Each structure stands twice: as C-alpha cells, then as structure tokens.
Amino acid sequence: MAATTLTQVSPGTGTAGRPWRHRRAGGAGMAPYVFLVPWFLGLAVFTVGPLLYSLYLSFTDDNLLQSPTWVGLANYRKMFTDDPRYLHSVKITLIYVLISVPLKLVIAFLVALLLNRPRRGIGLYRSLFYLPSLLGASVAVALVWRSMFSQSGSVDGALGLVGVHGQDWINNPTWALGTIIVLACWQFGAPMVIFLAGLKQVPGELYDAASADGAGRWARWWHVTLPMLSPIIFFNVLLETVNAFQAFTPAFIVSGGTGGPADSTLFYTLYLYQEGFSSFRFGYASAMAWVLLATVAIVTALMFWASRAVVFYADEGEH
Amino acid sequence: MTASAAVSATANTTRAARRPAGQRHRGMPRWLWHALVVIVVLIIVYPVVWMLGTSFKPAAEVVSSTRPWPVSPTLHNYPQGWTGNPGVTFGRFFLNSAIVSIAAVVGNLFACSLAAFAFARLRFRARRFLFPIVVVTLLLPYHVLIVPQYAIFKDLGWVNTFWPLIVPKFLATDAFFIFLMVQFMRGIPHELDEAAKLDGCGPYRTYWHIVLPLARPALITSAIFTFIWTWNDFFSQLIYLNDTSKFTAPVGLSLFVDQAGFSSYGPMMAMAVLSVVPVFLFFLAFQRLLVEGVATSGLKG
Chain A
1 MAATTLTQVS
11 PGTGTAGRPW
21 RHRRAGGAGM
31 APYVFLVPWF
41 LGLAVFTVGP
51 LLYSLYLSFT
61 DDNLLQSPTW
71 VGLANYRKMF
81 TDDPRYLHSV
91 KITLIYVLIS
101 VPLKLVIAFL
111 VALLLNRPRR
121 GIGLYRSLFY
131 LPSLLGASVA
141 VALVWRSMFS
151 QSGSVDGALG
161 LVGVHGQDWI
171 NNPTWALGTI
181 IVLACWQFGA
191 PMVIFLAGLK
201 QVPGELYDAA
211 SADGAGRWAR
221 WWHVTLPMLS
231 PIIFFNVLLE
241 TVNAFQAFTP
251 AFIVSGGTGG
261 PADSTLFYTL
271 YLYQEGFSSF
281 RFGYASAMAW
291 VLLATVAIVT
301 ALMFWASRAV
311 VFYADEGEH
Chain B
320 MTASAAVSAT
330 ANTTRAARRP
340 AGQRHRGMPR
350 WLWHALVVIV
360 VLIIVYPVVW
370 MLGTSFKPAA
380 EVVSSTRPWP
390 VSPTLHNYPQ
400 GWTGNPGVTF
410 GRFFLNSAIV
420 SIAAVVGNLF
430 ACSLAAFAFA
440 RLRFRARRFL
450 FPIVVVTLLL
460 PYHVLIVPQY
470 AIFKDLGWVN
480 TFWPLIVPKF
490 LATDAFFIFL
500 MVQFMRGIPH
510 ELDEAAKLDG
520 CGPYRTYWHI
530 VLPLARPALI
540 TSAIFTFIWT
550 WNDFFSQLIY
560 LNDTSKFTAP
570 VGLSLFVDQA
580 GFSSYGPMMA
590 MAVLSVVPVF
600 LFFLAFQRLL
610 VEGVATSGLK
620 G
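Each protein sequence line maps, in turn, to chains A and B. Going by the working numbering, the first sequence opens with residue 1, and the numbers climb by one from there. Going by the working numbering, the second sequence opens with residue 320, and the numbers climb by one from there.
For reference, chain A alone in the conformation it holds in the complex:
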C-alpha cells in the first residue's frame, strides 16, 4: 500500500512537473490533492474508517472469534450499571487528571518564572529540565519509578534518613497512584519550555507602562503577565489534560499490567487494554473507547468555551 503511493506521488523532477503547469490557472489544479494522497489514504483507512467501525463494534459483542452480533446499548448499559471495575477506573483516571495536570502545570509555571531572567546558564537549565519529558514516557523510566518507590527502593531509603519509615509505596493502594502522579510532575519540562517562550514574548513596554501607572510587582504580574500568557496557559492545560486522559505506560509498568494493588492504578486505558487485548472483548472495549472519545471531546469543547471568557488574545484586544 505504501509502495503504490510512493510511485504515485514521487516528487517529480523534470517532466513530472510539466503536465500540471497549464492547469494551474490561479490555483494549483490537481496538484494539492496528489500531495495529499498519502494523508487521504491514512485518514480513511486508519482514522475515519476505524472510528466508524469501532462505533459499530461498540453496539456488538465482538470478541474477534465469531462474527459480531448486534446487542444494542448493552455494552454501555453494562459499563454504567453493572461493572464496578469500570466505574472505579473512571474514578482513578479522574483523580489522576485532576491532580497531576494542575500540579504539573503549576510546577512548570513556577520553574519557568525562575528561569525567566538574565542569568548565565539559563539555556543549559532549560534543556536539562526538558530531558525528563523526553525520557518520561518510556518503559525504562517507569521501571525506575517502580523500583525506586518499592521497598528498599531509594525513595524509601532517603525518607528513612529523615525519620519516615517503612513504605512500600508501589504496593500500597493509598500511595501507588501518588507515585505515578509524581512521575507525571517530574516531566514538567515540556510545558515549562512553552511557558518560558511565552514569558519572553511579553513586550517589555507593557511592564514599563504598568510601572509608570504605579503598578507594583503583584499588580504587574496579575494585569500584564497573566493576561498576556493566558493563550499559552490555555494551550498547555488543553494539551496536558488530553494527554493525561490517555496515560498508559506508567500505570502498566508500575502495576505489572494489573492495575493493582487493589485496582488503585487501574487507569481507563489500562482497563481498556485488559478488556480488549487480554479478554478480547472488542465490543466492550470499543464502547469504552467511545466514552473516552466523548469525554475528551466534551472536555475540549468546554475548555474552548471557557477560554472565550478567560483567555486574552492580544491581536483581538485591539479592536
């Protein structure tokens, strides 16, 4: 499949470009669509097609073995009335999203403020703090977390030095989710870089003007920095929230794929994986996937709606 598209759109030098020339009166004729052939195919075969197919599957009892039978809303009804583990996974995921996203972003913002000054070595710190965002999604770091926070792991040891004792964090239902939240916060680098870039774009004249009007430090922060930065805050909140709903690797590795201890790290995606790819209940997993999609879509829409009131866009503000 890939090979045919390769030949179709091989970036023609010489003759390939010519036949299109006279068709390009004003616009570019067919050429744009030729460039978009791979994307169209991918969209149809791997995005829109699967999207509709999974919607269909969510109304069936598909299990990959027999041909699916239509069961109407049974999957959805089961999720919300007859599957405590599902509702539990929703709760765990919401707790994770509601704690890890704000915490990570506040840390990212504070560190960005810390780095937003003319000191030597800022570039180095910025890169170093970004490193966990590159490493953090990997199995390797999740394994580090799993062993660091287990009994005789080093966090336990370090806390032992200051007199806190005896926690096997990973195997404690109260704390296991906490370790994953800490892992999320450790990756504050990416939003920090974005905040920092935003802070640098706030025009200095605004601070000068605010100072001239007698604004103190907090007033400048509140009336200049925050409004000017609000589009970037919005972008970060949106991106991190959407990502947090889909977190999988840390929960899988930390719990060994079970979501344990006592289902305390049973993330939505982990339960979806178990239902779909351990139990092969594809119909049920599809229904779960669609509820996730609907949730993310609603949350995104709500954020865009709320952003109209809260987010300040400098170029619009002039009208």
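Misleading hints may appear alongside valid ones.
[As the list claims (entries may be wrong)] Cross-link-like lysine-lysine pairs, in silico, DSBU-like; alpha carbons within 35 angstroms at most:
#1 A:Lys91 - A:Lys78
#2 A:Lys91 - B:Lys473
#3 B:Lys473 - B:Lys565
#4 B:Lys473 - A:Lys78
[Said to hold, decoys possible] Label pairs and their in silico Cβ distance ranges:
#5 B:Val455 - A:Ser67: 26 to 36 angstroms
#6 B:Thr408 - A:Lys91: 38 to 48 angstroms
#7 A:Arg120 - B:Ala445: 45 to 55 angstroms
#8 B:Val454 - A:Tyr33: 17 to 27 angstroms
#9 A:Ala219 - B:Ala445: 42 to 52 angstroms
#10 B:Ser582 - A:Thr81: 42 to 52 angstroms
#11 B:Arg444 - A:Arg308: 27 to 37 angstroms
#12 A:Ala306 - B:Pro451: 15 to 25 angstroms
Hints in this document: simulated from the structure, not taken from any laboratory. Here the structure is a predicted model, which is why all the values come from computation and not from measurement. Each residue gets a CB set at the ideal place from its N, CA and C atoms; glycine is no exception.
Assemble the complex: chain A is given as a structure, and chain B must be docked to it using the hints.
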C-alpha cells in the same frame, strides 16, 4: 519607547531599568535563586543517577544499600541483563526497535512533508475544511482507533509483524508533524515560489528543490521527535508484537516486571540505561533544536 523607558527608570531603581525588557522581576536574592535552581536540578537528576548507579550495583548491594551509587561497582549486570531471556538477547530487541523507529522516521518525513506542503504552500478550495481535520485528528485519543486498527491488521495477517507500526506512518497519520511542518513552511518567503514558477517549476519541483531544502530545520525536528517517540512507544508495540524475537526494547524491558525480587533490579536497570542511551544522545546533539521545536510549535498552536 524612550519616554516610557525614562519614566520606568525613575519609577524603578536604575539597576532594574538596565535589565532587558520584560525580565524585570526583582526581589529574589541571588543566593535564593541559585538554591532553588539547584533543588530543581537535583530532583531532575536523581532518578537518572539512581538508574545508572543501580545498574552498576552487585545484587547484594541493591538490597542492603539505599544510596544511589554503588560502593563496589560491577559490570556484571550488563551481560546478565543482555542475555536474560531464553533464546533472545537484548541486541535483538534493540535491533527491532531501531528498524521500527527508522522506518517510522522515513515514513513521517515522506508523508507529512507532502501533506504539509499542500496545506502550507498550495491554494486549493478544500484546504479550508481539510486543514481543520488535521487539527482535530491531533486531539483524537489513539485508544479509540486501536481496536478496529487491530482488527484490520489481523485480517491482513500483519499481527506479530512490524507493518502495523510502520505503514500508518507512511500515510501521514501523525498529524502533529503535519502541523509542525505546516507552521514552518508557511514562514518560507513566497517570492521563492513565484521565482520558481517563472522559471517553469511545477508544484512538484517546487516541493523538492525549494521548500524541502529550506524546511530542513522542521524536518530534522520531526525526524528526531519521531525517532524518540517511536523508540519510547509501548502501547502499540505491546499489542502488535507477540513473539519474543519480534519484541522491541520497551516490550523486552517490560518482561522484567514479571521477575519478582530485588536480584533482577541490577540487570533491569542496566538494560533500562542502554535503552535510554539513543534518546540521550539525540538530546545531547540536538537539545537546542528540540527545545526550540517545543517552544515554537507550542506557541503557534
């Protein structure tokens, strides 16, 4: 400008006015700033040091000592982790990871740059409603697609091969990189296209000879991110690869989870260290480009 600068010079101390605009945060003593930065550095570095340290610890020390670095370092963990799985070494896992990641890079560069060129440089009627689709697919949770995609690949007989991990990349399914390249290509001066058109260049030659070479920073950024993300990717590799000989490094690493006990910590961390080496090298070589890439694609979103 000069007036406001003068006013602020009187309003603030003259020392503050001498600092670059927009960075007039005062009040924090220098020592406090350094102390805070050092704390953040320690938090960032600690898990990495711990991973490295544990990978050189003898088994006995893993249990008895909680300090992150080894007292009597050993290299033993590396060969032990490398050959820890019957029949397959970690070399195989790394090779598989490299194959998948490099193929993903080629696919993304090819397909996303084509789509990005059309969206950024060509005028056509459907662009207005096609480009928003790119943005929407950017936010689409992967898990909604995974079940039916799995069904498709199963029907094709591609489960337990690398194709499900590679073919979608050649069809521009990574919308993020289309987006990133579009942002960059939009900034290339249009006069160049016009000049090329006068010289008789069609859109294909303009793409290949003019826009692609000028978009090199965006292409490099996309290549590195594709490599790192594919290298780190776990979910799809876990689902599609079944035979141990097909496993990639992340799936191979996850096998350690089943081995209970502290004795496996050393070999496990040794392989974890090896698995992050490529990411780390890319980071060292291209850190400025990567950080700038995040900063700009984030800003323009």
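- Tell me, which hint numbers fail for this structure? none
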